[in-house]
Each structure stands twice: as C-alpha cells, then as structure tokens.
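The whole structure should be built from the sequences, with the hints applied where relevant.
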Amino acid sequence: MSSSTTLTINMPQSTGRSSQAWRRNQNTVRHQLTAGLGPVSHTVLIAIMLCILGLIYLTQITKTSAYGYQINDLKNKQEKLADQKRDLEVESARLQALERVKNSDVAKAMTTPVETNYTN
Amino acid sequence: MNLSLTKHSRSHTLLWVMCAIGAVFIVRLFYLQVIQHDHYEAEALREHTTKFTLPAQRGEIFARDGASKITPLVLNEASYTVYADPRYVTDGAKTAEALRKIAGGNTVNGFEANLKNKDLQYTILARQISQKQADLLEAEKLPGVGMQAQDRRVYPEGGLAAQVLGYVNNDGQGQYGIEQALNGTLSGKPGLLKAVTDVRGIPLSVGNNVQEPAQDGKNLVLSIDRNIQSYIEQVLKDGLEKVKAKHGSVIVMDPKTGKVMAMANLPTFDPATYYKTEDYSAFQNAVVSNPYEAGSVVKTFTMGTGLNEGAVNKDSTYNNTGSVKIDDATIRNVLQNVNGTRTMTEVFEYSLNTGVVHVLEQLGDGNLNAKARERLYGYFTDHFLFGKKTGIEQSGESGGEIIAPDVAEGNNVRYANMTFGQGMDNTMIQLASAYSAMINGGTYYKPTVIDGYADDDGAVSKKNPEVVKTDVLRPEISRQLVDMMHDARTRSLKGVDRGGYFIGGKTGTSQTIDPKTGKYSDKNAIGSYLGFGGNSNSNPRYVIMVRVTDAQVSDTATAGGVAAAPIFTNISNWLLDYLQVRPL
Numbered sequence: 000m001s002s003s004t005t006l007t008i009n010m011p012q013s014t015g016r017s018s019q020a021w022r023r024n025q026n027t028v029r030h031q032l033t034a035g036l037g038p039v040s041h042t043v044l045i046a047i048m049l050c051i052l053g054l055i056y057l058t059q060i061t062k063t064s065a066y067g068y069q070i071n072d073l074k075n076k077q078e079k080l081a082d083q084k085r086d087l088e089v090e091s092a093r094l095q096a097l098e099r100v101k102n103s104d105v106a107k108a109m110t111t112p113v114e115t116n117y118t119n
Numbered sequence: 000m001n002l003s004l005t006k007h008s009r010s011h012t013l014l015w016v017m018c019a020i021g022a023v024f025i026v027r028l029f030y031l032q033v034i035q036h037d038h039y040e041a042e043a044l045r046e047h048t049t050k051f052t053l054p055a056q057r058g059e060i061f062a063r064d065g066a067s068k069i070t071p072l073v074l075n076e077a078s079y080t081v082y083a084d085p086r087y088v089t090d091g092a093k094t095a096e097a098l099r100k101i102a103g104g105n106t107v108n109g110f111e112a113n114l115k116n117k118d119l120q121y122t123i124l125a126r127q128i129s130q131k132q133a134d135l136l137e138a139e140k141l142p143g144v145g146m147q148a149q150d151r152r153v154y155p156e157g158g159l160a161a162q163v164l165g166y167v168n169n170d171g172q173g174q175y176g177i178e179q180a181l182n183g184t185l186s187g188k189p190g191l192l193k194a195v196t197d198v199r200g201i202p203l204s205v206g207n208n209v210q211e212p213a214q215d216g217k218n219l220v221l222s223i224d225r226n227i228q229s230y231i232e233q234v235l236k237d238g239l240e241k242v243k244a245k246h247g248s249v250i251v252m253d254p255k256t257g258k259v260m261a262m263a264n265l266p267t268f269d270p271a272t273y274y275k276t277e278d279y280s281a282f283q284n285a286v287v288s289n290p291y292e293a294g295s296v297v298k299t300f301t302m303g304t305g306l307n308e309g310a311v312n313k314d315s316t317y318n319n320t321g322s323v324k325i326d327d328a329t330i331r332n333v334l335q336n337v338n339g340t341r342t343m344t345e346v347f348e349y350s351l352n353t354g355v356v357h358v359l360e361q362l363g364d365g366n367l368n369a370k371a372r373e374r375l376y377g378y379f380t381d382h383f384l385f386g387k388k389t390g391i392e393q394s395g396e397s398g399g400e401i402i403a404p405d406v407a408e409g410n411n412v413r414y415a416n417m418t419f420g421q422g423m424d425n426t427m428i429q430l431a432s433a434y435s436a437m438i439n440g441g442t443y444y445k446p447t448v449i450d451g452y453a454d455d456d457g458a459v460s461k462k463n464p465e466v467v468k469t470d471v472l473r474p475e476i477s478r479q480l481v482d483m484m485h486d487a488r489t490r491s492l493k494g495v496d497r498g499g500y501f502i503g504g505k506t507g508t509s510q511t512i513d514p515k516t517g518k519y520s521d522k523n524a525i526g527s528y529l530g531f532g533g534n535s536n537s538n539p540r541y542v543i544m545v546r547v548t549d550a551q552v553s554d555t556a557t558a559g560g561v562a563a564a565p566i567f568t569n570i571s572n573w574l575l576d577y578l579q580v581r582p583l
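Top to bottom, those sequences are chains A and B. Heads up: the first sequence at position 40 corresponds to 39 in numbering that gives the first Met the number 0, and the numbers run straight through without jumps. Heads up: the second sequence at position 14 corresponds to 13 in numbering that gives the first Met the number 0, and the numbers run straight through without jumps.
Among the hints, erroneous ones may be present.
To be verified - List of simulated lysine to any residue pairs, SDA-like, C-alpha gap at most 20 Å: (1) Lys68(B) - Asp454(B); (2) Lys100(B) - Ala112(B); (3) Lys68(B) - Gln95(A); (4) Lys79(A) - Lys93(B); (5) Lys518(B) - Lys445(B); (6) Lys101(A) - Asp576(B); (7) Lys243(B) - Ala281(B); (8) Lys74(A) - Gln130(B); (9) Lys217(B) - Asp454(B); (10) Lys84(A) - Ser288(B); (11) Lys74(A) - Lys518(B); (12) Lys462(B) - Glu475(B); (13) Lys76(A) - Glu76(B); (14) Lys243(B) - Lys445(B); (15) Lys76(A) - Pro54(B); (16) Lys79(A) - Gly91(B); (17) Lys74(A) - Lys193(B); (18) Lys76(A) - Gln132(B); (19) Lys76(A) - Ser129(B); (20) Lys245(B) - Ser288(B); (21) Lys445(B) - Lys193(B); (22) Lys50(B) - Asn208(B); (23) Lys101(A) - Gly65(B); (24) Lys101(A) - Lys236(B); (25) Lys93(B) - Lys50(B); (26) Lys245(B) - Lys68(B); (27) Lys387(B) - Gly457(B); (28) Lys76(A) - Ala138(B); (29) Lys217(B) - Gln95(A).
Calculated directly from the structure, the hints in this document are not laboratory data.
What follows is the structure, given as structure tokens:
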C-alpha cells in the first residue's frame, strides 16, 4: 500500500482566489531563514563602509591636489611661453627699427627722386 | 547580562568616571567643532591660505607708421634679478664663475665677496638679465641661488621721441612724458589670488580659492608718426649744428584734428639708460613745458584778432614811420628802410612791429586804450586759449602767462609789446594749437598725442578729435589770414618752397632777458617759425613750429629767419611728399 504525506509549513493561506491555489496532493516545501546579523557585525560593517568612504574622499582630495600641481605647472609653462613670445616681439621690433632699416644695404642703395609727379 | 562587574561598587564608580571623562571630551569636541567651527575654520584657512598679487602688465606704446600701420615704440620684456642666500651656496667659486660667464656685465660689483659672506641671508648678484641668460643660469642648478622675474621697458626705436615717451623708474612709476601723464592708464590694476598652498607655497585647487584677474594697462597708439619723428629729429639736429645752437624744439601738428604728428627737442636722452642722464632738463618736453616770449609769430594772432573784429581788413594800410611811441616807451621795427604806406600783408612780410601796434589801436577805435587791451586780451585768452594748459597728454605742461589789462602790469606798453609776442609767455603747443584753429576755418581742437588704443591682436580703436571751441575766427577770415601768410612768405622767402603748393608762415625773434642786468639783451635771441603747408588756402595739411633757443648768429635780430625758418622749410618740403599732398 502506498501512502503520501502532505507537509504544510506555516503556509499563509491565500485569501480570495489565486492562480497558485494549493492543490490536493501537491508537495510544497519552504525554508524559513532564521539566521541574521548580530549587532557586532552591523557595527563592523558600518565601520568598514565608513573607512571605504573615507578612502574615497581622501583619494579625491589627493587627486584634486594633484590637479593643483598640474595647473601650477601649466601656468608656469604658459608664463614662460608668453615671455618667449614677448622676447620674440621685441626682437622683431628691433630688427624692423627705423635706424636699422635706414642703415640697411637696400636703403643705402636707394636714391632720392628729383621730382614727384602724381597720376590721376 | 549577568556580570559581576556591574555589581562591584568600585568598578561601577570607574565606569561612571570613564563616562564622565567621555562626556567632557564629547562636550569639548562639540564646542570646538560645532560651536567654534567658523572661528577655527578661519584660523586654519589663514594658516594654509596665501595671498598672491597677480601683476598687471604695463601697456605698450605704439607709433603710427604711415597712414595705416603701427609700430612699437615701447614694449615690455621679462628680465630677472639674480640673488643668493650665501648660507646655502655650497661652491662659491663655481657659482661666481657661472655668473661671470652667463650674466657678464649684468653682475653687481663685488658679488663674489658677498657670496662668501655667510652672515648674509640675501644678496643680489646680477640685475636685469635676459630670459636666455636666466635659462642658462637655471640649467646650472646652483644651490642657494634664485631669480626674481620682473618686466622692464624696452625701446626698439632707441631714443626716438624720448621726451614724448618719458621713462619708467625702478618702482614702476612713469616719469615725464606720456608715461607719467597716463601712468594710471598704462599701469593697469594688479589682480589677487587667495589660495590654499602646500608647504612650498604652490597653490592647490582645494578650498575656496579667490581669484581676481589682473587688468593689464591699455596699449596706446600715439599720433606720432615714426617716420616724421625720425626726420624732424635729424633736421633739428642738423639745423642746430649749422647755427651752433644746442637747444631747439619742433612740433608738427595736423591742423584738422589737433593730433601731433611729431614733437622733438634737443638735447634729448635715451629712455633705456635714463639714469645716465646728467642734465635733467633733457627729460622735459620743452614744447609743452617751456613757455617763452615767442616774438613775431604772435603777430599772426594779433592780425587774426583785428581781421575777425573788423578793425582792419586785408587791404587796410597804415603809415609806417619805423617806430611808434607808447606812453614813455618807443617801439621800433627791425627793418628801418620800409617806411611809408604799408598793407597788412606787408606787416607780415617785413615783420613790422608798428603794424601790429596799429591793429591794436584800431581795436580801440583808433587809440591804444582800455578797450583795445580788453579786446586783445579777450581774443588771446578766450579764442586762442593762451594762459591755459591745453590738456595734452604730457607731464609738466605749463599754461604760460598772460597779464590781464585791468592790473597795473597790463598797461599800454605791455599790450603794445604783446602784439608782437613780447611781455607774455606761451608754450609751443599753445601756439601751434591756436594757429591750427586760425587756419582750419576756426575750430580749436584739443591737441593730443593719442591716436587710439590697440588690443593684444594689434587692432586699433581710434580716438576721435575733441573740439574745444568753434568760431575762433570766421571761416572767411581764416582763409584771408592764410592767404596773407602765404603771400608774405612767398615774397620774403622766394624759391624755397616746392611749386604748386600753398605754404605760409611767420618768423619770430625774441630777445631774452640778461640775468645779470634784468633787461632785454641783444646778445642772444630765440628764433622761431610758425607756419603751415597744403595745396590750397582751405586745405592745410600740417602746421610746423620751430624754436631755436641759442643760435649763434651775427645779427640776433634775424634768429627766426636764419636759424628757425630753414628747419621749417626743410621739413615742409619733405612732408609734402611724405603725406602725398598733390599740387593744385
């Protein structure tokens, strides 16, 4: 003779009609988790999370500081290049100075026109 | 929990004590971190924050180079001061050798000895070394040696227009010329950076950094044309040499705008090495700062007054007797062989003092009286603006001096003398500006050396001419006066001007007061010439005024014609081509 056992574990009865209505001879098993985190574990976890957050904050701050150095370096480069540009402008102006132009071979080879005429 | 500890009275006490201590800490921390938060944050920021001044770059100065181009007269260049803290210098000999090799003539006297003096914490080793020298020195990596950067003014055109420019002293302040007059415009406004820094003072991008950017000074474009400036400086130098003079000035002005095209004085100086100048008067722009009795060039203004008031006209005549007695003084002409009936144009041609005294008398309805003096004074001060500063952008401008007719010194004799430029002081800029107004149809433009402002890309925003006064003379009177001056010049200086052009002007020779006797002396005279050029009586293109202060000529009465007029003629003939004035 065969027999079947139906085990019911704290199954809440569905109220009303449900598509998952318990049927006759249906084997149903549900394990209830009874284990949980204790207060110490919670504290440790929170501490770890705070540490991680702190580390992230410090990393960001360090990164930002590093940007400060980069900015400073770039500013120094910019200033140096600006100084070089000004030096070149001065050199260019000196090369085009009137006294230099007057004393150039090209200018010395020029002659003064006897007369100036204008065409309409 | 069933600990026996909790039941023990001493342990219990200890627990409460610990709790109390903890509570004290918590309260204290709460007080420091919450209640006193702002205070300590500010303290911390003050500790970590450094204020940096962001220097503003001084504005550069450009000159015109022909009609459309500009060219730099004053630029900025980075230069460095090399210093050392001898306590940290490890190898003095190597440092000194590197400095001698790289900084050369820029080293400070005795720097080697200072390098060895370990009691010093700061000593300057070299000044004003260039960027290239600084790079070479930096590559040497000399311990204990540092460099401080600063800007210095450089002058690509050398001493060109030195007195118009002035210079900038070691404190960064403009001295003389436009550098002083427009120091505020040129120097700009320094900026500020408040930033959290590391131990080396490098700004970090954390915290609330505050940055106010520096406002650089404005770049000025002068109305000075470098080619005209260079030419007049050379002609003035040559002209002074011919008459063995040492002091002279020239101004060239556009009569239709009041813009100064060139302005030169001798002796002059080099603004790059201004500290080597021994004669400080060389710093001054005598055209604006040195008033003098201009002599017969003022006859033009007296005649303009007479014509505009209807006291005389172009064809009026008078009987020239060679001299005229005014109260207890006798005024004589230089030329004594032109007596007889003379026209107003001949008053210019022969420079007749009696002629302009006659004009003054006509202003008083035939007599030299208070009315005549009042009318002349009114024109001189209200129409020609004598006795007042013109406001040109130059330091040390003088307003000159003109005596009012209602004071004891403003008597008939003085006013008779004033008709031909004695007894009152004018600067050349006053005379050239008023003269421009007389010949341009009657509009007095404020004289200026500023043509506009340049941005960093070289684009120029032009400054409009500023009208100070209209109706200085009526337009038809202005043209009459131009005709008379042209006729007078053409007759008295035949063949010196280019054909087809309309050139006019008037000489001026003024005696100077001998400091020993306090009286006018015949030994020295100031020669002047004030004239214009163009291609018609309604189109003057330039006004030129020349002054030669100490010409060594045989007859001092002719200093204006002998010393100053040739300089005018030379410049005038050259300008006609340079400005491409077409003959009519």
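Evaluated hints:
no.: 1; hint: Lys68(B) - Asp454(B); result: holds (14 Å)
no.: 2; hint: Lys100(B) - Ala112(B); result: holds (17 Å)
no.: 3; hint: Lys68(B) - Gln95(A); result: holds (13 Å)
no.: 4; hint: Lys79(A) - Lys93(B); result: violated (27 Å)
no.: 5; hint: Lys518(B) - Lys445(B); result: violated (35 Å)
no.: 6; hint: Lys101(A) - Asp576(B); result: holds (18 Å)
no.: 7; hint: Lys243(B) - Ala281(B); result: holds (18 Å)
no.: 8; hint: Lys74(A) - Gln130(B); result: holds (17 Å)
no.: 9; hint: Lys217(B) - Asp454(B); result: holds (8 Å)
no.: 10; hint: Lys84(A) - Ser288(B); result: violated (38 Å)
no.: 11; hint: Lys74(A) - Lys518(B); result: violated (68 Å)
no.: 12; hint: Lys462(B) - Glu475(B); result: violated (29 Å)
no.: 13; hint: Lys76(A) - Glu76(B); result: holds (17 Å)
no.: 14; hint: Lys243(B) - Lys445(B); result: violated (35 Å)
no.: 15; hint: Lys76(A) - Pro54(B); result: holds (17 Å)
no.: 16; hint: Lys79(A) - Gly91(B); result: violated (29 Å)
no.: 17; hint: Lys74(A) - Lys193(B); result: holds (16 Å)
no.: 18; hint: Lys76(A) - Gln132(B); result: holds (17 Å)
no.: 19; hint: Lys76(A) - Ser129(B); result: holds (17 Å)
no.: 20; hint: Lys245(B) - Ser288(B); result: holds (18 Å)
no.: 21; hint: Lys445(B) - Lys193(B); result: violated (44 Å)
no.: 22; hint: Lys50(B) - Asn208(B); result: holds (10 Å)
no.: 23; hint: Lys101(A) - Gly65(B); result: holds (16 Å)
no.: 24; hint: Lys101(A) - Lys236(B); result: holds (17 Å)
no.: 25; hint: Lys93(B) - Lys50(B); result: violated (36 Å)
no.: 26; hint: Lys245(B) - Lys68(B); result: violated (34 Å)
no.: 27; hint: Lys387(B) - Gly457(B); result: violated (35 Å)
no.: 28; hint: Lys76(A) - Ala138(B); result: holds (16 Å)
no.: 29; hint: Lys217(B) - Gln95(A); result: violated (23 Å)
Of the hints listed earlier, those the structure fails to meet are numbers 4, 5, 10, 11, 12, 14, 16, 21, 25, 26, 27 and 29, in rising order.
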